[in-house]
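Colleague: Taken in sequence, the protein lines are chains A and B. For what it's worth, this note's numbering labels the leading residue of the first sequence as 519, then goes sequentially. For what it's worth, this note's numbering labels the leading residue of the second sequence as 78, then goes sequentially.
Keep in mind the hints are simulated off the structure, nothing from the lab. Ideal Cβ placement from N, Cα and C applies to all residues, glycine included. Please note: incorrect hints may appear among the correct ones.
As the list claims (entries may be wrong) - Listed below are several chain A residues computed to face chain B (Cβ distance under 7 Å; list not exhaustive):
no., residue
1, S525
2, Y528
3, L561
4, L563
5, G581
6, E621
7, F624
8, P626
9, G627
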Amino acid sequence: DAGITQSPRYKITETGRQVTLMCHQTWSHSYMFWYRQDLGHGLRLIYYSAAADITDKGEVPDGYVVSRSKTENFPLTLESATRSQTSVYFCASSDQVAFFYNEQFFGPGTRLTVL
Amino acid sequence: ELKVEQNPLFLSMQEGKNYTIYCNYSTTSDRLYWYRQDPGKSLESLFVLLSNGAVKQEGRLMASLDTKARLSTLHITAAVHDLSATYFCAVDYTGNQFYFGTGTSLTVIP
Chain A
519 DAGITQSPRY
529 KITETGRQVT
539 LMCHQTWSHS
549 YMFWYRQDLG
559 HGLRLIYYSA
569 AADITDKGEV
579 PDGYVVSRSK
589 TENFPLTLES
599 ATRSQTSVYF
609 CASSDQVAFF
619 YNEQFFGPGT
629 RLTVL
Chain B
78 ELKVEQNPLF
88 LSMQEGKNYT
98 IYCNYSTTSD
108 RLYWYRQDPG
118 KSLESLFVLL
128 SNGAVKQEGR
138 LMASLDTKAR
148 LSTLHITAAV
158 HDLSATYFCA
168 VDYTGNQFYF
178 GTGTSLTVIP
């Protein structure tokens, strides 16, 4: 199916474990993003990528690692999960057809619980 | 510090009524986006506002942008139950980093 997908949709893990959340888009968008959504905070940017092999930190990057070896994939890894990383994680993508037109399209989200 | 503030945070309104959601932001930008999120779902793009004075309308929703006041509004006309959702504004400061407001949870009561 075309669009942006995330896996898993739900994940329960334990403190200290490594967890990887996957994001895949079929639009060949150059930009991809990872957000976390928490009550009272809206969405906060974790990391973003402008192209394959180009990534940069967002507002809340600590405790997370990203990579982007292929344009269509942008995995997010929690190296050692903590309870404060319990959240809903959204992946998004966008393209720069026009320089200022950067509408982002969001995936369905991954609900992560760290026990 | 970059801030995007929405108010109200919670809004309960009767069907048929009008209301406005406000989005204030702290740093100059002329690119603002509105999204809708249904419970347990992803974000759906509603409006893209790319210049001062921009106004977009879709059905019962109308969004506007005043870059000088650093203010965007989302106006709801004659609300219906299907509009119940959480609405987010997002400001693009740097060309690709969005800063989201905390959201407005709208409940339309029959």
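Colleague: So, for every hint listed, does it hold in this structure?
Modeller: The hints, checked one at a time:
The beta carbon of S525 of chain A is not positioned within 7 Å of any beta carbon in chain B (closest approach about 14 Å), and the interface hint is therefore violated. Here the hint on Y528 of chain A is broken, as its CB sits about 11 Å from the closest CB of chain B, past 7 Å. Proximity of L561 of chain A to chain B holds as hinted, the smallest CB-CB distance being about 4 Å (cut-off 7 Å). Given hint, L563 of chain A at the interface with chain B, holds; its Cβ is 6 Å from that chain's nearest Cβ, closer than 7 Å.
Of the supplied interface hints, the one on G581 of chain A is violated, with its beta-carbon coming no nearer than about 19 Å to a beta-carbon of chain B, more than 7 Å. Annotation: interface hint on E621 of chain A holds; nearest CB of chain B at approximately 5 Å, less than 7 Å. For F624 of chain A, the interface hint holds, the least distance from its beta-carbon to any beta-carbon of chain B being 4 Å, beneath 7 Å. Because the beta carbon of P626 of chain A sits about 5 Å from the nearest beta carbon in chain B, less than 7 Å, this interface hint is met.
Annotation: interface hint on G627 of chain A holds; nearest CB of chain B at approximately 6 Å, less than 7 Å.
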